[in-house]
Amino acid sequence: MNKILTYPAQLLDQQNQLSIVVVYLVLFLILLFILITFSLIIVTSFLRIKNITKAYWQKKLYAHWDSVFLALIDEKISCKEAFDKIRRRDSIAYLMYLERYISMLKGREKVHLVALGRMSSEKLHRLVNSSQRRRRLYGIHFLSLFHPEEQISYLRYDKNDIEFSLTMIRELIKVDKYEIKEQLLRILFKFRYVSPVYLSIIMAEMGSEIIPLLVMVIEYERNDPFKQMVAMEALRRLHYSKGAELSKYLLENTMYPLVAISCLNFIEDMGDESHQHIVKLYMKHSNPLVRSAAAQAYIAITPNLSEKDIIAFFDDESVVVAVKAARKLKDKDLLPYVSVGKMDYLKWGIVYKRMVF
Amino acid sequence: MEKFFSQIIFWFNIVVFFYFVTLNIWYFTLSILAYRGLKKYMLRLSVVNPNDRLLNRSLPPVTLLTPAFNESENCISSVKSQMKIQYPDMRVLFINDGSTDDTLEKMIKEFEMVPAFLPQTSFLKTQAVKEIYRSATKSNLWLIDKENGKKADALNVGINYCQTPLFCAIDNDSMLEEDSIARVVIPFIEDTRTIVSGGIIRMANGCTFEDGHITKVGLPKNILAKFQVMEYLRAFYAGRMGWDVLDASLIVSGAFGVFRHSIVVAAGGYRSQTIGEDMELVVRLHKYCGDNNIPYKIRFVPDPVAWTEGPTTVRTLGRQRDRWQRGLIDSIMLHISMLFRPRYKKVGMIAMPFYFFYEMLGPLIEMLGYLLFFFLIIIGRASSLYMITFFLVAVILGMCLSVFSLVLEELSFHRYPKFSDLLRLMGIALIENLGYRQLTSWWRIKGTWSYVRKKQNWY
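Protein chains in written order, with this note's numbering: chain A, 1 to 357; chain B, 358 to 816.
Bound-form chain A, shown alone (with noise of 0.2 Å):
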């Protein structure tokens, strides 16, 4: 990168007529450039300068807040005694500073402070209707600690601006109300290339008021594999009790690998012998992840396993799903009976021998 040619062969002609025009231009952007660099020189020193203050008087103010926290945790000064002592009120920072001691806090304390940040509702108000993305960032962040009831008409799903309305969304999470939670899930779900395992995560942390809403979507969104597969794995992770019967119904009607892994997943962890029929069926299918959700999932709720079973698993084309099988036999503590002699021509034999036996 920027590497600079040092020769001056198109300007070597001295018989060429506008060789003094070239020379007057080359000089011009000498000095255009001496400017420029000197510029940024100042700047870069300005903004060595700027962080160097920024840190002293963050550092003065840190301490003058801490009194006044402190003060107000004590209970020695009403909260409205408190915000009017408070200096740089109107900062982003005292926010954030706030905002760090409200996370350590529980109980009474957390309460007064939590009033005490919902005095400055006027800039937080402010911050969410600037023009600029990062003060109205900040401002969603804010409401979501001090008037998380108002962050819902800032709700919005942007595809252009995935990290603001990521962003907004994991700050309502924090809201309890059911309509809000409505909402959030009905945008969570257009994320279409966020990990589902983060999304199901976000869904999860809503609470198990949510558990009718992402049945329905596996009910009725039955075209499309990226909704179901994601409202599966959030069931999972909220454990819902009638989950494993689900996931038994959406074996048997879909088509789709991803979905069928996420119900898999689910049998696994919440599922018992009825299941076995259907879960076999899978350990043929063509899509080697399929089977290797499979055969964990017939591994976690088979009691017995045969001598048939383990050739399956061991004998299939695919590594992965021996691995997975062996793996999950181990994490089971089962040893299931192998004839040595059979073993030996397993196709991944040394699997089951190096990993299980």
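Incorrect hints may have been included.
To be verified - Here are the simulated BS3-like cross-link-like pairs (lysine-lysine), alpha carbons at most 30 Å apart as the crow flies:
hint, chain 1, residue 1, chain 2, residue 2
1, B, K397, A, K60
2, B, K487, A, K347
3, A, K123, A, K76
4, B, K396, B, K573
5, B, K396, A, K60
6, A, K330, B, K573
7, A, K330, B, K495
8, B, K495, A, K353
9, B, K482, A, K353
10, B, K482, A, K342
11, B, K441, A, K330
12, B, K482, A, K123
13, A, K190, B, K775
14, A, K174, B, K495
15, A, K59, B, K396
16, A, K353, B, K487
17, B, K396, A, K50
18, B, K396, A, K54
19, B, K495, A, K284
20, A, K59, B, K397
21, B, K495, B, K573
22, B, K573, A, K54
23, B, K495, A, K332
24, B, K573, A, K60
25, A, K123, B, K396
26, B, K437, A, K59
27, A, K50, B, K578
28, B, K397, A, K190
29, A, K85, A, K181
30, A, K54, B, K397
31, B, K775, A, K60
32, B, K397, A, K174
Just so you know, the hints here were simulated from the structure itself, not pulled from any lab data.
Add chain B to chain A, keeping to what the hints say.
Showing chain B alone in chain A's frame:
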């Protein structure tokens, strides 16, 4: 005859002038794009905490692949530093690439390695594996002892035994910061199309380390190392960040990059017969995804840092640059069919042409320029006035770009805390264009020449 020479010189002048102008326009464009990208990233960092509980729970398992050949001196400290990385599910796979020193013995003794079984999950062609060990004290540390086959082969062995959806290739002499893996993996969570994500490399020379972790950041005393600090800042901030904004990154440093295991296996793993295996793999991944219509993203994240020792002598630095240039040419030439192919989108239409014409052919054009200049001096047609003015433009442009990368550093992470260090870096930015830049150009020319002569040494 005179007229013929004039014509040749005239047209060569036109080519060089066009090359010079477009190259610098590109560098400035990349710097401005990098500024925008960095600003956006800093905003994201201020609101989204990478250590967020929900994000942390979503982090996919990662395997750290550390190939080593005769690394007896620093293998223990390096592995110890890797074991301290904070990540919920991480395994370390140390690959001893047929070392002839006591690397293997040291590792076995220090970490109480015992023979163990690790199933092979993919079957890339590699040199034979002699034995696999697992640490009796640290359950997530594995050691693979294999026949020598160079770095790419060692990495392929690591890929074959990788049990996780992601792997991180790092150099044995690189020190990763504690949260660097968690940060570099975030693009994989936020966008499932991500197949590669790379972090920033910074020079460890001059910094203080304790227990494999950085405790004090400072500038090295060695002038060559100082030049490299500046070079790295420019390459990563202005270069990689700019290409990332354009969504056309062609390089993810071999010293620190996270890859999606399945796609690397599908694309055939690292190519053993190349010198620049890291760049070649990334270019091949672009090609593979383009050919198979797979939606994908290759990302650069500017804050997870891998600290690495840079060469401090002219000889070793020259050899390193020679190797880099050969690697670059090899990667470009192997995938030359991607050039100007709309199928590969911005990579085919912008990045490949840039690397082909400016990074690969640049030293050749430069060399021809020097030769012509000396020729003109000999025949008495060179003008010292023009030479000086043109040289000044080139030097000042270089200074301008270097100082701009310092602005980016100050705007973002300002990792060099001393004001005096910043002043020194400014000084370096001003003087590196007078001598050091020309020296690196010379090494690149030598690298090009070595490539032409098919000299391929990696270690």
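Status of each hint after checking the structure:
| no. | hint | in the structure |
| --- | --- | --- |
| 1 | B/K397 to A/K60 | 29 Å, holds |
| 2 | B/K487 to A/K347 | 21 Å, holds |
| 3 | A/K123 to A/K76 | 26 Å, holds |
| 4 | B/K396 to B/K573 | 26 Å, holds |
| 5 | B/K396 to A/K60 | 27 Å, holds |
| 6 | A/K330 to B/K573 | 45 Å, violated |
| 7 | A/K330 to B/K495 | 19 Å, holds |
| 8 | B/K495 to A/K353 | 23 Å, holds |
| 9 | B/K482 to A/K353 | 24 Å, holds |
| 10 | B/K482 to A/K342 | 29 Å, holds |
| 11 | B/K441 to A/K330 | 28 Å, holds |
| 12 | B/K482 to A/K123 | 62 Å, violated |
| 13 | A/K190 to B/K775 | 46 Å, violated |
| 14 | A/K174 to B/K495 | 38 Å, violated |
| 15 | A/K59 to B/K396 | 25 Å, holds |
| 16 | A/K353 to B/K487 | 19 Å, holds |
| 17 | B/K396 to A/K50 | 17 Å, holds |
| 18 | B/K396 to A/K54 | 18 Å, holds |
| 19 | B/K495 to A/K284 | 38 Å, violated |
| 20 | A/K59 to B/K397 | 27 Å, holds |
| 21 | B/K495 to B/K573 | 28 Å, holds |
| 22 | B/K573 to A/K54 | 21 Å, holds |
| 23 | B/K495 to A/K332 | 22 Å, holds |
| 24 | B/K573 to A/K60 | 24 Å, holds |
| 25 | A/K123 to B/K396 | 24 Å, holds |
| 26 | B/K437 to A/K59 | 35 Å, violated |
| 27 | A/K50 to B/K578 | 27 Å, holds |
| 28 | B/K397 to A/K190 | 23 Å, holds |
| 29 | A/K85 to A/K181 | 38 Å, violated |
| 30 | A/K54 to B/K397 | 21 Å, holds |
| 31 | B/K775 to A/K60 | 21 Å, holds |
| 32 | B/K397 to A/K174 | 26 Å, holds |
Hint compliance for this structure: hints 6, 12, 13, 14, 19, 26 and 29 are not met, and every other hint is.
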